[in-house]
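Enquirer: Here is how the chains run, residue by residue.
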Amino acid sequence: MLSDIAFYGALETGLIYGLVAFGIYISFRVLDFPDLTVDGSFPLGAAVAAVLIIGGWDPWLATGMAILAGMAAGAVTALLNVKLNILNLLASILTMIALYSVNLRIMGRPNIALLTEETVLTPWYELDLAFHQVPVLLFAIVALLVLVLLWRFMKSETGLAMRATGANPRMARAQGIATGGMIVLGVALSNGLVGLAGALFAQSQGAADVTMGVGVIVIGLASLIGGEAVLTPSTVVRALFACLIGAIVYRLAIALALNADFIGLKAQDLNLVTAVLVTLAIVLPGVRTKLTHRFSRKQA
Amino acid sequence: MISATDLKLTFGKGTPLENPALQGMSLTVNQGEFVTVIGSNGAGKSTFLNALAGEVLVDSGKIVVDNQDVTRLPTHKRANSVARVFQDPLAGTCENLSIEENLALAIKRGQRRGLTSAVKKQYMEKFSDSLSSLNLGLENRLGDKMGLLSGGQRQAVSLLMASLTPSSILLLDEHTAALDPKTARFVLELTEHIIASQRLTALMVTHSMKQALEVGSRTVMLHQGEVVFDIAGKDRDGLEVKDLLGLFEKQRGLTVDDDSLLLG
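Residue numbers (the working numbering), protein chains in the order written: chain A, 1 to 300; chain B, 1 to 264.
Treat each hint with caution, since some may be false.
As the list claims (entries may be wrong) - Once the Cα atoms are required to be at most 20 Å apart in a straight line, the calculated EDC-like pairs of lysine to aspartate or glutamate come out as:
| # | chain 1 | residue 1 | chain 2 | residue 2 |
| --- | --- | --- | --- | --- |
| 1 | A | Lys83 | B | Glu192 |
| 2 | B | Lys145 | A | Asp32 |
| 3 | A | Lys155 | B | Glu95 |
| 4 | A | Lys155 | B | Asp144 |
Unchecked claim - Which bits of chain B does chain A cover? Going by a derived footprint, with three or more residues having C-beta under 8 Å, they are:
| # | region |
| --- | --- |
| 5 | 100-107 |
| 6 | 117-123 |
Said to hold, decoys possible - Here are a few chain A residues that face chain B, going by a calculated C-beta distance under 8 Å:
| # | residue |
| --- | --- |
| 7 | Gly55 |
| 8 | Ser156 |
| 9 | Glu157 |
| 10 | Arg163 |
| 11 | Asn168 |
| 12 | Pro169 |
| 13 | Arg170 |
| 14 | Gly176 |
Quick caveat, the hints were computed from the structure, so don't treat them as lab data.
Just so you know, even glycine gets a beta-carbon here, dropped at the ideal spot from N, CA and C.
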C-alpha cells in the first residue's frame, strides 16, 4: 500500500515530530502550560541552522545554536507569563507572532535552500544504506538519545521539582521550589527540543522556510494525544515512548491516507485529515471505556 | 523562634470588597511551643498562617524567623524554616507522583536541587521507617501513586513530609477539618506524637475550641485580625469551652455567634 520511499519518509518526519512531541509533553503535560510558541520556535531552529550552515559553520554546531535559539524563545514566553503575569496561552501567542518577524530577519529572505550544503546527514550517506533510510537511522539515534536524557532528567531532583510545579504549584512552593524558575526552565527546554526538530527538518528537507512552522503545534499535540491513546502514560518513560510512537503512527496514518488511492485523498487534504485524526485520538479512548462499561454491565 | 509584629493586611484595598484581614496581629512563638489558634470565620486565622508561610505578603509589620527577617521573602525562600500541612488533604501531596517521589521532594525542602537521581537508595530506610510508624502498611507501597491513597492516609503522609527535615516552625492549617471524625482523631494523635517526639515548634489553626484546649501548650484566639486572648500554662489547664467563651465575652463584650465554633 505504501512505497518504500513513502514509508521511510513517514518514519523520518515521524521521528522529527517525536522531538516536537517531547517538547509539547514537557509544556502541556509536565508543566500544564499550554504553549503555542512551537509554531515559531520550529522555523526559528530551522532558520538559525540554515543561516549558520550556509555561513560555513559545522552542521552539528549550527544545530546546537538552533537548540539555544529555541530555548531563548521559550524563555521569553515563560518570562512574559511569570514576570509580567500575562496568561500563558496569550504569552506564547505573542512570542509566536514576534518570531515570524525574527525568523525573516535571521534568514534575510523567506527561504534558504540547503540542498548543496554539508548537513549533519552528509557523512551518514557514506554508509551502505539506501538513500531514504539514512535520515531514519540518524534521527532514530537522536530521538532515542533525547528520550533517555529526558527520562533521566525527569527522575532527577530538579526534574521532580518541575513535575511537582505543574501538578501542584502550592505544594511545590511549600517545599521550597521556585515555581517561576521551573516554568522558565521547562518551557525553555521544551522549545529547545522544538528548535532541534526544526534544524533537523530543514537539513533533511534541504530548505528552511519561514512558513514551515504553521500547524506544528497541532501535529505535535496529535502525536502526543495519539501516543497516549495507544500507550497509557502511567510512568515518565511510557509517556516519552508514547510521544515517539504517537508521532510515527500519526505520520504513517497520514501517508497511508494520502497514498491509498481508493480513499481518493490528495495532498491538499492534509490539514483536514490531521483535524479528523486529532479528533479521533481525543474521542476514541472515551468511547472505548464507555463500550467496555456497557459490555461488563450486560454480562453482570 | 518565630515572631510576628503588628501585621496588617487588607485584601482588595480601595474596592467595594475591601476586607481588612489582619489588623495589627502580633504573636511570638517560642522554641518548642505548640500553639493552637482559634477564631470564627473571617477572624484572620488562615491569612495569618499564609502570611507566616509567605503565600501572601503583608502590607506592614514584621515577621522574624530564627533572627532572620523574612517579611518580604516569597514562600519558597522561607521553606527551609517553615513546614506546612494544608487543610485540603489533596493539597499537600502530588497525586501523580509516587509515595517515594513525594517523600523525596519533601526531604529536600528548602535545599538546592541538583541533577542527581531524586529517589536515592540512602533515603529508603528513612522513608520506610517513618511510614511504618503510621501503621497503615504504606511502607510496602512506596512505588504506588499518591492518588491511590485515601484522604486520611494522604494527610498522614503530608505530616510525615513536613517533619522529614528540621524546621523552625510547623504550620498546621485546620489539617483535620476535612476528614471524618475517626480519621481526624488518628491524624490529630499522629500530630501530637510527631510534635512531641521531635520537639517541634508548631502553630495549629483549628475550628474547634474543644480541640484547641485538648492539644498543645498554649491557645490563642483571633478576632477581626487581632489576638483577643492568649493563654498558656496554669491559666489554661482545666479550662473548658464555656470558660473560653466567657473569656471572649469579657474581652470584647461580644457573644460568639458562630455555631461551628461552639459545636465543634
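Enquirer: Against each hint, give a clear statement of whether it holds in the structure.
Expert: The hints, checked one at a time:
{"no.": "1", "hint": "Lys83(A) x Glu192(B)", "verdict": "violated, 41 Å"}
{"no.": "2", "hint": "Lys145(B) x Asp32(A)", "verdict": "holds, 19 Å"}
{"no.": "3", "hint": "Lys155(A) x Glu95(B)", "verdict": "holds, 16 Å"}
{"no.": "4", "hint": "Lys155(A) x Asp144(B)", "verdict": "holds, 16 Å"}
{"no.": "5", "hint": "100-107", "verdict": "holds (count 4)"}
{"no.": "6", "hint": "117-123", "verdict": "holds (count 3)"}
{"no.": "7", "hint": "Gly55", "verdict": "violated, 33 Å"}
{"no.": "8", "hint": "Ser156", "verdict": "holds, 5 Å"}
{"no.": "9", "hint": "Glu157", "verdict": "holds, 4 Å"}
{"no.": "10", "hint": "Arg163", "verdict": "holds, 6 Å"}
{"no.": "11", "hint": "Asn168", "verdict": "holds, 5 Å"}
{"no.": "12", "hint": "Pro169", "verdict": "violated, 10 Å"}
{"no.": "13", "hint": "Arg170", "verdict": "holds, 6 Å"}
{"no.": "14", "hint": "Gly176", "verdict": "holds, 3 Å"}
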